[in-house]
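Peer 1: The residues making up each chain are set out below.
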Amino acid sequence: MSNQTKHWEKSRGLLFITLAIWFVFSIGIFLFGAEMNEVTGPFGYPWTYWFTCQGSLGIFVILIFWFANRQEKIDEEFGFSEREDEE
Amino acid sequence: MKGSFIDNLPRIYGIYTGGFIGFIVIMAIAEQMGLSAKAIGIAFVAFTVFIYALIGYLSRTAQADAYYVAGRQVPTVFNGMATAADWMSGASFVAMAGGIYFKGYGYMALLVGWTGGYVLVASLLAPYLRKFGCYTVPDFIGTRYGGNLARFCAVVVLTVASFTYVTAQINATGTIASVALDIPFQYAVYIGLISILLCSMLGGMRGVTWTQVAQYIVLIIAYLLPVFWISNKMGAGFFPHFMLADEVARIGELEQQFGFVANSKEDLALVPKGLAGITKAHSAVNATPWAFISLALAMMMGTASLPHVMMRYFTTPSVKAARKSVGWSLFFIFLLYSSAPMLATLSKLSLIDPTLSTGIIGKSIAEVQAIDWYQNWNQANLMFISDFNGNGTVELNEFFMGGKAVVLATPEIAGLPYVISGLVAAGGMAAAMSTADGLILAIANAISHDVYYKIIDPKAETAKRLVVARVLLVVIGFAGATIAAMEIQGILGSVIWAFDFAMSGLFFPLVLGVWWKRANRQGAIAGMILGLVSGAWYLVWVRSGGSGFLGITQLTFGIFGSAVSLVSMVIVSLMTQEPDKATQKMVDNVRVPSGKTILGKQH
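As they're listed, the protein sequences go chains A and B.
No gaps in the numbering here: position 1 of the first sequence is 0 in numbering that gives the first Met the number 0, and each next residue is one more.
No gaps in the numbering here: position 382 of the second sequence is 381 in numbering that gives the first Met the number 0, and each next residue is one more.
Isolated chain A, as found in the complex (with noise of 0.2 Å):
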């Protein structure tokens, strides 16, 4: 195999961890969107008021950044990685 193809299954790779995790905070929790909001979350808000206005938003923030680090290293690791004086 060669490494592009070995690089291109580990970003694939990664791409299905970050969906799967958007997946659940923008649509999975959601299906039980009356039930959660019955107990008390963060900050004494009902969960799933509290993940609408901020905990799923919050969330993706930390995501795209996980994301985008994670990438990074998957890149460097196969030598894909940019030079700053490419362009």
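No lab work stands behind these hints, which were simulated from the structure alone.
Among these hints, one or two may not hold up.
Unchecked claim - For lysine to any residue, the following SDA-like pairs were computed, each having C-alpha atoms within a straight-line distance of at most 25 Å:
1. K5(A) <-> R590(B)
2. K279(B) <-> E265(B)
3. K319(B) <-> M35(A)
4. K319(B) <-> I58(A)
5. K580(B) <-> V569(B)
6. K584(B) <-> L14(A)
7. K264(B) <-> S363(B)
8. K584(B) <-> T4(A)
9. K584(B) <-> F15(A)
Based on these hints, arrange chain B on the given structure of chain A.
Peer 2: Relative to the frame of chain A, chain B by itself:
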């Protein structure tokens, strides 16, 4: 100052922010000394628009790559701010808190959708399109799939989606300019348009980038300052985001106590158009899971297909920077979006809690009618009370408000000085202008670069190309303003439609272009045409009384459109020949960050 402009950015925008805060302080002092509310409003809007125009003038350029992609040297964090301003429209600024105020949980699907979409942008598209080195989104479609027809289809989808969106933004600039400057809406629309064009015409993407950063700073100060101030003034907590749980619970109690009384048709006919009462619970789950999820999903996929957002990531210096920049964009958006529900909570509680001095529920009709702010906003057609049951006091179901009033009127209701209202007007103007600029530029660039240069006259000189681009900018702007002046659809409705159009036609052709090597020209063309047509058909069908299916409404028709797009694209691709070796090699190259971009620096 030493060093290049880019090195000095933090200092330049630091001075700018300080200057703006200084301006707010001067206005506050002037208000104490007796400057009229109207003069303050005019000063805020005129001063900020003048600064943007100045930045637009200083960013003028005659270079194609500066005009189309700001020379690809916008640093990560600044591109994040510019994207946030590009993204947060007049709807986010003026209408979002109102939507949450009236519709509660069902509406908050938009908060999740309009942020979650960035995960798709970061992981599926932005870094790869940056590596591609395109100037516009149709540039990617045209080169990846080959052929003028594919390129042209992409331009059509882009234009339909962005044009739907831009009329709403010009409408919003017009509304704010007409209130702040006190001139009729039909003229205010064109004043808004001219301010928009001043930012983008001379400098293209470069001008838009640096004005959008300036606009972000204005709009975020204008949104956060009142939220924190009101929260502190009400004693609700000095950091509202972490401290409003009691207030949210209190609204729930009051809702129980008052009950949601349905008004009769005859009574509602007396309420001015566009105003609504509180009929849905504030924090309870009041939508079915599918209603919530389908709306969030449509907005997420739409986010990843809207060209004016995607093209912001073409301006970063590297692929790595493009990825990080998406994270910063969402962070800056998060600052405003997480504050909107807090503003809705504060606004609602201050109006309905009888134990607060600002509360009007339970007061006598005559008493409320005598309040200054009620008279002002009633005159502006944004507030209305009526004694339906004839008992002399205002009940929850007898109080009506426009969605915009939550952002525009709450500072005044809470007793903040008028300088804050002027600031909010400047913020709304910044939000609507920055989005309108991004959209008009996206359309004009696609037509000038992809249709004129790539299809009609590939030998055109740079100077001639840029003249065409600027003429188109003005033409599209005026077309948008003319339609906006007719006031056909509300601000929020047309914004949501734009997302649905974009996802119907562009989501899968873009994503599969990177992630599926087998996708070919015929498939992409089928996906774009059938996706857009079926989405539009569904919208027309539901609007004209059709029942719809699977709970897909006129706000989520993109789910149907994109499903058709996916199926037709896969089937047609598999039935026709696979892409040639050169195209497959190109896709391989897009997938690694290092090395040269696919399209050259000048193309």
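Peer 1: Compare the structure with each hint and give your call.
Peer 2: Evaluated hints:
1. Using a Cα cut-off of 25 Å, the hinted pair K5(A) and R590(B) holds, with the two alpha carbons roughly 12 Å apart.
2. Between the alpha carbons of K279(B) and E265(B) the distance comes to roughly 21 Å, so the proposed pair stays at or under 25 Å and holds.
3. This hinted pair does not check out: K319(B) and M35(A) have alpha carbons roughly 38 Å apart, beyond 25 Å.
4. A hinted pair counts as satisfied when its Cα atoms are at most 25 Å apart, and K319(B) with I58(A) qualifies at roughly 21 Å.
5. For the hint linking K580(B) to V569(B), the alpha-carbon distance of about 19 Å falls within 25 Å, and the restraint holds.
6. Among the hinted pairs, K584(B) with L14(A) is consistent with the structure: their alpha-carbon atoms are about 21 Å apart, no more than 25 Å.
7. Restraint check for K264(B) and S363(B): satisfied, since their Cα atoms lie roughly 24 Å apart, inside the 25 Å limit.
8. For a cut-off of 25 Å, the pair hint linking K584(B) to T4(A) stands: about 12 Å separates their Cα positions.
9. About 24 Å separates the Cα atoms of K584(B) and F15(A), which keeps this hinted pair within 25 Å; it holds.
Comparing the model with each earlier hint shows a violation of hint 3 alone; every other hint is respected.
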